[in-house]
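Residue numbers (this note's numbering), protein chains in the order written: chain U, 1 to 332; chain G, 1001 to 1505.
List of simulated lysine-lysine pairs, DSS-like, C-alpha gap at most 30 Å:
id	chain 1	residue 1	chain 2	residue 2
1	G	LYS1066	G	LYS1010
2	U	LYS54	G	LYS1041
3	G	LYS1027	U	LYS187
4	G	LYS1496	G	LYS1152
5	U	LYS8	G	LYS1487
6	U	LYS63	G	LYS1474
7	U	LYS327	U	LYS63
8	G	LYS1496	U	LYS28
9	U	LYS8	G	LYS1152
10	U	LYS8	G	LYS1496
11	U	LYS54	G	LYS1436
12	U	LYS259	U	LYS274
13	G	LYS1476	G	LYS1152
14	G	LYS1436	G	LYS1391
15	G	LYS1243	G	LYS1047
None of these hints come from the bench; they were simulated from the model.
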Amino acid sequence: MSIEISAKSITPVRLAYGNLERRFGDKKPASRYQEAVYDIQPTTNFQYRPLWDKNHDIYDVSKTAIVMEDWYSFADPRQYYYGSYTIARAKQQEVAEHNFAFVDKRDLFDAVPEAVKQAVRNILIPLRHVEWAANMNNCQITDECYGSNFSSVGMFNAMDRLGMAQYVTRIGLLLDGNEEATLDAAKQAWMEAPQWQGLRHAIEDMFVLDDWFELMVAQNFVLDGLIFPLLYDRFEKKLTQEGGSTIAMLTEFMDDWYKETVRWTNALAKVTAKESAENQALLSGWVAKWTDRLSVALEPIAIEAFGDDGANELVEVKAELLDRLAKQGVTV
Amino acid sequence: MPAKKLNLRKRYELLTRGMGWETTYQKMDDVFPYDSFEGIKITDWDKWEDPFRLTMDSYWKFQAEKEKKLYAVIDSFAQNNGQTNLACASYLSAIKLFITGVTPLEYGAHRGFAHLGRHFRGDGARIACQMQAIDELRHAQTQVHTISHYNKHFSGLHDPFHQFDRVWYLSVPKSFVEDAMSSGPFEFITSISFAFEYVLTNLLFVPFMSGAAYNGDMATVTFGFSAQSDESRHMTLGLEIIKFMLEQHEDNLPIIQRWMDKHFWRAYRLLALVAAMQDYMLTNSPMSWKEAWDVYFVENGGALFEDLSRYGLKMPKYHELATAESDHISHQVWSVFCSLGNATGFHTFLPTEEKMDWLSEKYPDTFDKYYRPRFEYWAEQKKAGTFEYQKGLPQLCQVCQIPMVFTEVQTDPMQISYRVTEHGGDKYHFCSDGCKDIFEFEPEKYVQAWLPVHQIYQGNCGGPTLPEVLDWYKFKPEDSGDYIGSKDYQRWQEWKGADKKVKQA
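Next up, chain U with everything else stripped away, as it sits in the complex (with noise of 0.2 Å):
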């Protein structure tokens, strides 16, 4: 049996938005995603060129040498707007909370062997890095890029990749009692180690990118689809096997995050490749260049975080990334 509670019903003049109305019509209510994310930032009518930049209006197209009709042809499938994306991530922070509460009050690391330790160390610790670098191409995205899904959606990247920096500085920190020691001898290796110089070398030239389309394939398609497969996903079920169980738990965040930016990095690929012939040309050539880049740069730490299996590992997950883009019509 239902129960109906009579409320005053007033017929809408409209349902939606203009700017909704013209993209999706008028006949039903447009939802929070769209109404947040479509059509905010101006397009036309700008009124001073940049101090920095007089080649460039404020927001241009010819930032990126790709090419849209509608910049608004992506669409993230996951909907965020900020309501929806910090709801999410504030649930998620609460497991991660309760995880690293649960890892310190029971004392987990103590059971540990020694070795996954000095592994996590040497291997996971000098992400936090990586993590900031990611932080910062990102909000350089955000920066640079053409339309408020594309701000929006590279916004809420950038502070997720700063979470995932703060939540290795914290398991770094679990692992020393707090103990600063682990995390000045990840940013020496950061630094100095051989194993490290290549891919700080990459993610440095990523830092001076023209185009802010092609630091998206290097940093959201290609470093990020190799690293997160690698190290928070194969070289973490190795630490599992060898006792370091309590490892997985403290990364379960960066693994679910993984799994869901793949949705929209997948889509991302999908609709810009469609566009054009050029602008599947200009992905595949971002593609294999950052691929082979960045996987030369990866091998060293893949062989010190695997051994003998690093180089294949390696191969795997690159040939699982190419894999993966060439379904979104990305081929190399």
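Chain G: place on chain U using the hints.
Just chain G, lined up with the frame of chain U:
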């Protein structure tokens, strides 16, 4: 071994500092190319004190709680037709001005702070800017959501972002934010975080949000409360950045003083639209513009600058004029809107007797003497059916882009304040010495201005006739003109019952 306890400060430091590094494969100056050309000298970025120590996990947690509450209220407002509880539908002119003129500024701030969040060399400053960048995105998005329900029931709210790029009076906020965004990062943060967010934000926020509370607008006032804690973080950042720059090097002072003078005046001119909103659009006004100016600028601002005087920073140039103008600008700007009411995206209306009495009380030195006669004259014309909107387009100030309506309040309040300068063989016109000074310091910037009136005359705005221009703006016929008799008015009468006289009628 039990873990040692980390104090919050140390913990925060480890979670925000030391993750960045001095690059060696690329030069730091290439990685951070924009933080030196303005001449601001930073000797030690580590001296930056984070004004709020928020790590991302707690940011997500706090903000998600706020979002849940906000959306619960918005949903309930829509479900229960909260729009029928407004003091009067004419109040919505304020909301129309807000979503077309203010919400896009939030978005601009989002992008501007993302620029700083990437390009400041100091890690701590970058994070603070990123937090503000995402907050500003929040404000843009939640405002669109909050006002969405009104759009379903009223005119003039359907195309805010299309209009922001085109409409004659919206070039005032557009040129303001694009001025800051096209400046270097230190000038941007001085403009937005200090001049606007710290010195003047109460004059934007309080009129709109208290106005909402006084007029039954539960949706907007809930947004206001929800954004309040973000705003206090932003204000703290504004003060921190100014002190940081001033403490870093003595050479920074004259640069900052000039930016302060410029962006105070820029922001103050923008607030003239808010003044008109506050004194005229609100059915019930919580306080007059002049009262707000006295409290938030003269008293609070005065105390702030007294505090900053130990760094050598002085009150912004022309602040005395701004205070003298506080008796006039709301009346002058509302007069412009009323005389061009056939070309505004919100309804205009002459003040009721009751409203005029309130204005006389709040403006004893000026309203009855200068402005009441004008409104009474127009009211008579309307009654007789002889009222006509102004023909032809007003001349705009080259910098603030407001029509030339401000007067010489310190000498002759009936005399239009009019300044002119020559550059590159052309004449440029200004509403004030403040705007003229801004132009003369950076003429090559301000000659680029996209002045709506010039653009209309040059044929870049849909066509030579008013209907063509309005069509290009995507103004629908029912969006403009008098509130009385409008579709909004008719709808309001239906809801409230014809027998219950609405306040504006």
